[in-house]
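Position one of the sequence shown corresponds to residue 0 (numbering that gives the first Met the number 0), numbered consecutively onward.
Hints are not guaranteed to be accurate.
[As the list claims (entries may be wrong)] Here are the computed distance ranges between Cβ atoms for each label pair: (1) 23 / 309: 20 to 26 Å; (2) 285 / 205: 35 to 41 Å; (3) 230 / 100: 29 to 35 Å.
No lab work stands behind these hints, which were simulated from the structure alone.
Quick caveat, the model's predicted, so the values are computed rather than measured.
Just so it is clear, CB atoms sit at the ideal spot from N, CA and C, and this is done for glycine as well.
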Amino acid sequence: MENTIGDLRIIHKNIQNIIQALLISNSDTLPIPIKYMFWLIRQAKTVIEQDNMLLNVQAPVHICGDIHGQYSDLLKIFNKLGYPSSQNRYMFLGDYVDRGKKSIEVVCLLFCFKILYHNDVFLLRGNHETADVSRVYGFHDECKRRGSIKLWKHFVDVFNVMPVAATVGLAPPEDPVILCMHGGLSPFLQNYKDINKIKRPTEVSDEGILCDLLWSDPETEGPTFLKGWHPNDRGVSYLFCRDVLHKFLKENKLEMICRAHQVVEDGYEFYGNRELVTIFSAPRYCGEFDNKGGVMTVNESLKCTFTLFD
């Protein structure tokens, strides 16, 4: 059943109140009562389910990589580039949770903006937006400690319906030029439009297109003459070489892959004659790296620029 205009006004007012609570949150207690958090999660799931698995995003747009619970750094991005709105479009490439201390705040704030500006805020799924991974790397325990295991399960229900890829381009009928996902390419995917055939809700298996979109990496360590697909050191999915990348882009009439998934020292890093860029938006990752955080902005002319954060 569709919400009436009156219902939407109430929802939006409630969301604005939650945003205000999130923005002043500085303690370990939940920023809002848990019953309101369950309400927020239900609203977010309803909105996100309406998205296709493969989104079509019109430039201009800010594209952010991994956040990993580093809530204060997410706020730095918004304070520098502006908060999401109908005039300030954002896409996030996944890995909102785990490792950082404030994954709940990160996800809840992004859910709020997705609900308010569902056509201008886009949330892709990362490999940490799964039950198996988030159970091990911190999000499960954060939800259990600060709220309940039931809270974590409800978040996972939303993760299981999230889109997994997006194209960026000018307004239709112009063809898109950039394909975005969290991880990378798949040997089982020849035409990127087939991503829309992935059924929801879905858990992520150990192999297949969905797994690779969230887990694969470019082969950056081997010699440049290396070709094809190779086992990934992560123990999941593959490494793909420059020839694979170039062939995929040429056959799909695309210019670039934009992905996240790996820490890069300068917040962004090109690969394969600038046919792929990795974006990582969590500076000083886990307190163990000296990396910058980066955000890529694609403007109305499809020119890409980068904003860096310490």
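Going down the list of hints, with the structure as the test:
In this structure, residue 23 and residue 309 meet the distance hint of 20 to 26 Å, their C-beta atoms being roughly 24 Å apart. For the pair residue 285 and residue 205, the supplied restraint of 35 to 41 Å is violated, since their beta-carbon distance comes to about 25 Å. Checked against the given bound of 29 to 35 Å, the beta carbons of residue 230 and residue 100, roughly 33 Å apart, stay inside it.
The structure shown violates just one earlier hint, number 2.
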